[in-house]
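Undergrad: Since the structure of chain A is already known, use the hints to place chain B on it.
Next come the chains, spelled out residue by residue.
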Amino acid sequence: MPPYKIPKRVKYRKEFRRVRDRKATRGNYVAFGDYGLQSIEGCWLPSNVIEAGRIAAQRVLKREGKIFIRVFPDKPVSKKPIETRMGKGKADVDYWAARVRPGTMLFELSGVTEDAARLAFSRVAMKMPVRCRFVGRRVEV
Amino acid sequence: MNKESPILEATKRDRLGSRYARRSREQGQLPGVIYGHKIDPVAISLNEIDTLKHIALGEKVFQIKLGDAKPETVLLKELQFGYLGDNIIHADFARVDLTERVHTRVHLNFVGEAKGLKRAGSVFIKSMTEVELDVQVSNIVDHIDVDITDLDVGESLHASDVQLPVSTMKLMTDPDSIIAQITTVAEEEPDEASTAEAAAAPEVLTERKGDDEDKD
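So the sequences go chain by chain: A and B. First residue of the first sequence? That's 21 in our numbering, and the numbers climb one at a time after it. First residue of the second sequence? That's 174 in our numbering, and the numbers climb one at a time after it.
One chain only, chain A, in its complex shape:
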């Protein structure tokens, strides 16, 4: 199995699905880098997709810049095997996902030019299951 990120320890093995389409009130601005890739839709972002995005950005940037991953897959998502009858309890965990709300910052970049960041994030956005937009740092007081 590829080294997808998952939590080291959790309180419970499985969890409820919960409501997911609320707007982001935290983690919705560029905090660490100079440029960011912001999700404008909500989803559960699987850990392998986060890794795919990181690799896509790294291949464009070669060894330039620093990538910050702003989401962590801490939600276990369970899935019943195919051709299984309903019932018999909750299924095993299939994958781990990050909860992404509209406005959540997915990736950030620092130490590169804006053109390089735009190119890298356009490649990353192709891997994402949600519509994304390129953003810079916001006005600070």
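These are calculated hints, taken from the structure and not from any lab test. Keep in mind the model is a prediction, meaning the values are calculated, not measured. Hints may contain errors.
Simulated restraints on C-beta separations [as the list claims (entries may be wrong)]:
{"hint": "1", "chain 1": "A", "residue 1": "P149", "chain 2": "B", "residue 2": "S329", "range": "48 to 56 Å"}
{"hint": "2", "chain 1": "B", "residue 1": "R195", "chain 2": "A", "residue 2": "F36", "range": "31 to 39 Å"}
{"hint": "3", "chain 1": "B", "residue 1": "E199", "chain 2": "A", "residue 2": "F36", "range": "36 to 44 Å"}
{"hint": "4", "chain 1": "A", "residue 1": "F36", "chain 2": "B", "residue 2": "A359", "range": "38 to 46 Å"}
{"hint": "5", "chain 1": "A", "residue 1": "K108", "chain 2": "B", "residue 2": "I351", "range": "50 to 58 Å"}
{"hint": "6", "chain 1": "B", "residue 1": "K185", "chain 2": "A", "residue 2": "F36", "range": "46 to 54 Å"}
A virtual CB, placed ideally from N, CA and C, is assigned to each residue, including glycine.
TA: Coordinates of chain B only, in the frame set by chain A:
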């Protein structure tokens, strides 16, 4: 630093609440509030384009002219943003005197081409983009330039290295905190240990012993 602070025309908001604030935004107004100096707060409405233009330029001290009254000197205290985190929806202003000392955050502008960045694989990391200062209102600056020309790989700049433009300014940020550094980006090759660790299931803190045997 601008000698003269910009004058903003404002009107008093009589009807308060999110509904009326949204309506005023739809008409090109920016809702705001003025408070401080032990005078009752006043809800105001500003011209959105003019205000955002000055805020984007880094202005912090304004003269707000409310109707026919004498303009008040105010300091931009806080901004509220919309859900995508970048559209300004409300501004807080605090009444100040030009001779008063206030705590404010000033943006750092890194200038020069660092010698460490000429090496392959080096990356410039800004750990902090602003510092907190204790400063007289008339001396508030839009930004402070920080020269990074002599910065090499593995070296870092601390808050104490920032050259304050006015001698009466006091640095409130921890002087030892790192504001910028140049590091080398190591090529990431997942080692076997981390792969094995990542592949393993997480430890479940509340799991009772023998749960696995009980399962079907």
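Undergrad: It remains to establish, for every hint, whether it holds in the given structure.
TA: Okay, the hints, checked on the actual structure:
1. A hinted range of 48 to 56 Å is violated for the C-beta pair P149(A) and S329(B), which are about 38 Å apart.
2. Between R195(B) and F36(A), the C-beta spacing of about 34 Å keeps the proposed range 31 to 39 Å intact.
3. Checking the proposed 36 to 44 Å range against E199(B) and F36(A) shows it holds: the Cβ atoms sit about 38 Å from each other.
4. Hint check: F36(A) to A359(B), Cβ distance near 40 Å, so the stated range 38 to 46 Å holds.
5. Take K108(A) and I351(B): their Cβ atoms lie about 55 Å apart, and the range 50 to 58 Å holds.
6. For K185(B) and F36(A), the hinted distance range of 46 to 54 Å is satisfied, since their beta carbons lie about 48 Å from each other.
Checked against the numbered hints above, the structure violates only hint 1.
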